[in-house]
Amino acid sequence: MAFRQSVAGTQYVFEDLRTLLARATPFRSGDALAGVAAQSGAERVAAQRALADLPLKHFLHEAVIPYEADDVTRLIMDGHDPNAFAPIAHLTVGGFRDWLLAAPPEALPPIRRGITPEMAAAVSKIMRLSDLVTVAAKCRVVTRFRNTIGLPGTLSIRLQPNDPTDDARGVAAAVLDGLLLGAGDAVIGVNPATDNVTQVMTLLTMLDEVRTRFDIPTQSCVLCHVTTALLAMERGAPTDLVFQSIGGTQGVNESFGVTMALLAEAQSAALALQRGTVGQNVMYFETGQGSALSANAHHGVDQQTLEARAYAVARAFDPLLVNSVVGFIGPEYLFDGKQIARAGLEDHFCGKLLGLPMGVDVCYTNHAEADQDDMDALLINLAVAGVTYIMGVPGADDVMLAYQSTSFHDGLTARALLGKTPAPEFAAWLERMGIGEGARIPERMAPALIGLS
Amino acid sequence: MTLVPTHSLRRFTSARVALGRAGTSLPTAAHLDFQEAHAAARDAVWSALDPAALGFDAPVVRSEARDRREYLLRPDLGRRLRAEDRARLSRTGGVVVVVADGLCATGVQSQAAALLCALGADWPVVVALQARVALGDDIAHAMGAEAVVVMIGERPGLSAQDSVGLYLTWAPRPGRSDAERNCISNIRPGGLSHADAAAKLHWLLRGARALGASGVALKDDMPAQNRLAP
Numbered sequence: 003m004a005f006r007q008s009v010a011g012t013q014y015v016f017e018d019l020r021t022l023l024a025r026a027t028p029f030r031s032g033d034a035l036a037g038v039a040a041q042s043g044a045e046r047v048a049a050q051r052a053l054a055d056l057p058l059k060h061f062l063h064e065a066v067i068p069y070e071a072d073d074v075t076r077l078i079m080d081g082h083d084p085n086a087f088a089p090i091a092h093l094t095v096g097g098f099r100d101w102l103l104a105a106p107p108e109a110l111p112p113i114r115r116g117i118t119p120e121m122a123a124a125v126s127k128i129m130r131l132s133d134l135v136t137v138a139a140k141c142r143v144v145t146r147f148r149n150t151i152g153l154p155g156t157l158s159i160r161l162q163p164n165d166p167t168d169d170a171r172g173v174a175a176a177v178l179d180g181l182l183l184g185a186g187d188a189v190i191g192v193n194p195a196t197d198n199v200t201q202v203m204t205l206l207t208m209l210d211e212v213r214t215r216f217d218i219p220t221q222s223c224v225l226c227h228v229t230t231a232l233l234a235m236e237r238g239a240p241t242d243l244v245f246q247s248i249g250g251t252q253g254v255n256e257s258f259g260v261t262m263a264l265l266a267e268a269q270s271a272a273l274a275l276q277r278g279t280v281g282q283n284v285m286y287f288e289t290g291q292g293s294a295l296s297a298n299a300h301h302g303v304d305q306q307t308l309e310a311r312a313y314a315v316a317r318a319f320d321p322l323l324v325n326s327v328v329g330f331i332g333p334e335y336l337f338d339g340k341q342i343a344r345a346g347l348e349d350h351f352c353g354k355l356l357g358l359p360m361g362v363d364v365c366y367t368n369h370a371e372a373d374q375d376d377m378d379a380l381l382i383n384l385a386v387a388g389v390t391y392i393m394g395v396p397g398a399d400d401v402m403l404a405y406q407s408t409s410f411h412d413g414l415t416a417r418a419l420l421g422k423t424p425a426p427e428f429a430a431w432l433e434r435m436g437i438g439e440g441a442r443i444p445e446r447m448a449p450a451l452i453g454l455s
Numbered sequence: 002m003t004l005v006p007t008h009s010l011r012r013f014t015s016a017r018v019a020l021g022r023a024g025t026s027l028p029t030a031a032h033l034d035f036q037e038a039h040a041a042a043r044d045a046v047w048s049a050l051d052p053a054a055l056g057f058d059a060p061v062v063r064s065e066a067r068d069r070r071e072y073l074l075r076p077d078l079g080r081r082l083r084a085e086d087r088a089r090l091s092r093t094g095g096v097v098v099v100v101a102d103g104l105c106a107t108g109v110q111s112q113a114a115a116l117l118c119a120l121g122a123d124w125p126v127v128v129a130l131q132a133r134v135a136l137g138d139d140i141a142h143a144m145g146a147e148a149v150v151v152m153i154g155e156r157p158g159l160s161a162q163d164s165v166g167l168y169l170t171w172a173p174r175p176g177r178s179d180a181e182r183n184c185i186s187n188i189r190p191g192g193l194s195h196a197d198a199a200a201k202l203h204w205l206l207r208g209a210r211a212l213g214a215s216g217v218a219l220k221d222d223m224p225a226q227n228r229l230a231p
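Chains A and B are the protein sequences, given in the same order.
When the letters of the first sequence are read in order and numbered with the numbering used here, they come out as residues 3 to 455.
When the letters of the second sequence are read in order and numbered with the numbering used here, they come out as residues 2 to 231.
Fair warning: there could be bad hints in the mix.
[What the hints assert, rightly or not] List time: in silico SDA-like cross-link candidates among lysine to any residue, alpha-carbon distance up to 20 angstroms:
#	chain 1	residue 1	chain 2	residue 2
1	A	Lys340	A	Gly97
2	B	Lys220	A	Thr229
3	B	Lys220	A	Thr200
4	B	Lys220	A	Gly155
5	A	Lys140	A	Gly155
[As the list claims (entries may be wrong)] Stretch by stretch, here's where chain B covers chain A in the computed footprint (C-beta under 8 angstroms, at least three residues):
#	stretch
6	95-102
7	140-146
8	158-170
9	275-281
10	357-371
11	399-413
Just so you know, these hints were derived from the structure itself, not from any lab.
Every residue gets a Cβ at the ideal spot worked out from N, C-alpha and C, and that includes glycine.
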C-alpha cells in the first residue's frame with residue numbers, strides 16, 4: 003500500500019511500509035549506503051507525518067519483509083499477542099508516542115507482547131532523544147542467573163577483560179582490576195581472539211576458577227560462536243551463559259551461522275547444566291544497527307527497523323543480557339558521534355519497550371568521527387534512561403578488539419552521578435570483600451590467589 | 002589486612018589496568034595518555050600502503066573505491082575489483098594470497114614480507130589497495146584459485162596500529178559471506194607471532210581442503226600445543 007503526504011506544497015509518495023519507515027528515519031550513513039534514506043529534510047518530515055497518522059493495526063497486516071521469505075517475520079507475526087495489543091489497538095503511531103510519554107510505568111509491561119519491533123521502531127523515529135530517555139526510564143526488566151539484574155536504582159557492568167592472545171594471566175589481571183573498580187555484576191565476559199574450542203575452554207575454566215575462588219555472585223561468559231559453545235559444553239566446560247550475535251533478518255542470522263533451531267538447542271544445553279542459583283536466564287545476545295546491510299541481507303529495510311527486529315529474536319530466548327554494540331560497526335553505518343548517540347538511545351528504547359534487559363556498548367572505532375566527549379554524552383543519557391548495563395573495559399581501550407568502549411571509571415562515574423548501585427548480591431559482595439577506593443588490593447583479593455604472582 | 006598496590010597488575014597485561022582514580026574519574030596523566038593514543042590511531046586510519054616499499058614484487062590492483070573517504074563510507078566499493086585490474090590478472094589456480102591495506106596500512110607495510118616468508122609457500126601474491134576482505138573473493142575468482150588468503154590491515158586500536166589479520170576463504174567467488182571465512186587476527190609484534198599465525202593458517206587450510214569448505218563449518222579445534230611447532 004502506498005502512502006502520500008504533502009509538505010510545503012510538495013506531495014511525497016512512499017510506496018510501501020518499509021519505504022515509509024526508511025524515509026522517516028533520522029539521517030545516518032548506513033541508510034544512505036543502502037539507498038533507502040530520504041533525499042531531503044522535507045521528504046523525511048513528510049514521511050514522519052505520514053507515519054504518525056498510520057494506525058498501529060496496519061503493522062499487523064503489512065510486513066516489511068514477506069512472511070514466506072523470512073523466519074524473523076514469522077516469529078514476529080506468529081508471536082503477536084492480540085490481548086496485550088488491545089489497550090493500544092486504537093492508536094496511530096503518533097498517538098502511541100503521546101500515550102507512551104504519558105503512561106505510568108506499570109502500564110508498559112502488559113503491552114510488551116502486543117508491540118511488534120516495527121511498531122517500536124516507528125514510534126522511535128518520531129521521538130527526540132529526551133522522549134527516548136523518558137519512556138525508556140519507565141521500563142523495568144529484571145533478569146536473574148547468579149544475581150538480579152535490572153532492579154530500580156541499579157546499573158550493572160559487564161567486565162570485559164579481553165586479551166590480544168587470550169593469555170589467561172592477562173585476562174585475570176584485567177578481571178581483578180575491574181572487580182576492584184566495582185565492575186562485573188552483569189557478567190565477566192571475554193571476547194576470545196580466535197574461535198578455538200580448546201582456547202575457549204581454557205578461558206571458561208579460568209573465569210570459573212576466579213569466580214569460585216573469590217566467591218563472586220556473578221556469571222561468566224566467553225563470547226564465542228554458539229556452535230563452539232555447544233562443543234565446549236559437550237566437552238564439560240563450565241558454561242554459565244551462551245553468547246551469540248544476532249540480527250533482524252533470516253539472512254543476517256545465516257551470515258552469523260545461526261538459525262532459531264540452533265539458538266534453541268544452545269539454550270536447552272545451557273539450561274540443562276542448571277548453573278544459575280537465583281534464576282535461569284542463560285542467553286546473552288549482541289546486536290547492532292547495520293549488521294544486515296553488512297551481510298547484504300537487509301531487504302531494503304532501514305537499519306534501525308532491522309535492529310528492532312533482532313530484539314524479537316532475542317526475546318524468544320529469555321536472555322539474561324542483550325546489548326547493542328552501537329558504535330562498533332563503523333562510519334559507513336553510523337558516521338559520527340551524533341549518529342552513534344541517537345542510535346544508542348533508539349536501541350535502548352526499543353529493546354526496553356519490547357521487554358529486554360537492554361544494555362549498550364557505548365563505543366566507537368578509530369575510523370569513526372567520534373571521541374570520548376561523544377561517549378560521555380551518550381553514557382550519561384543512557385544512565386538517566388535506566389540502561390540495564392554498560393561495558394567496563396580497562397581504561398576504555400579494548401586491546402583485543404581495537405575499539406573504545408566505556409572504562410571501569412566511566413561505570414563508577416555514571417553510578418555516582420545518578421546514585422545507582424550494582425546488582426544487590428554483587429553490591430553486598432563488594433562490601434564483604436572490602437573493595438572500596440580501588441588503589442589497593444584487599445588481602446582476600448590477593449592476585450596470587452588467582453595465579454598472578 | 003595487607004593491601005597491595007594495584008600497579009602490580011601491569012606486569013601481566015598491555016591493557017590499561019591500575020590507572021588510579023581522581024574521584025571516580027581518570028587521573029590527568031592517564032586521561033592525556035589516552036588522548037595521545039587516540040590521535041595516533043586516527044592518523045593511522047589515513048595511512049597509505051606503498052607497494053614499492055613492501056620488499057617483494059607483485060601485481061597491484063585497486064578496488065572501486067577511489068579514495069580513503071569513499072573507502073570508509075562505501076564498503077561495497079571496497080569489495081569490488083576495478084574492471085581494468087580484473088583483466089590484468091592471470092589464472093594461476095591453487096592458493097592465492099592478497100596483501101591488502103584494509104583499515105590501516107601500517108602493519109601490512111611493515112609485516113607483509115616477513116609474514117609471507119613465515120607462510121613458507123610458493124603461492125602467487127597480489128597487492129590490493131582500498132581493499133575490504135571480500136575483495137579477495139573477486140581477485141581469487143578471476144585467478145581461478147581454490148582458496149584465498151587475505152592478509153589485511155586491521156582497524157587500528159589505541160595500543161596497536163600495526164595489527165594484521167589473515168582471512169581464509171575456500172572456493173572464493175564474489176558473494177561469499179563472512180560466515181564462510183576463517184579469521185586469524187591480531188598478528189603483530191606483541192600479539193600473535195608470525196610462526197603461530199602461519200601454523201594456524203596451514204592447519205585451517207588442510208581442514209578446509211578436507212571439508213571442501215571454510216567458515217563456521219570448519220571448526221578451529223587445533224590443539225594449543227601444535228601452535229608451538231616451528
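Checking against the hints above, which ones are violated? 1, 4, 6, 7, 9
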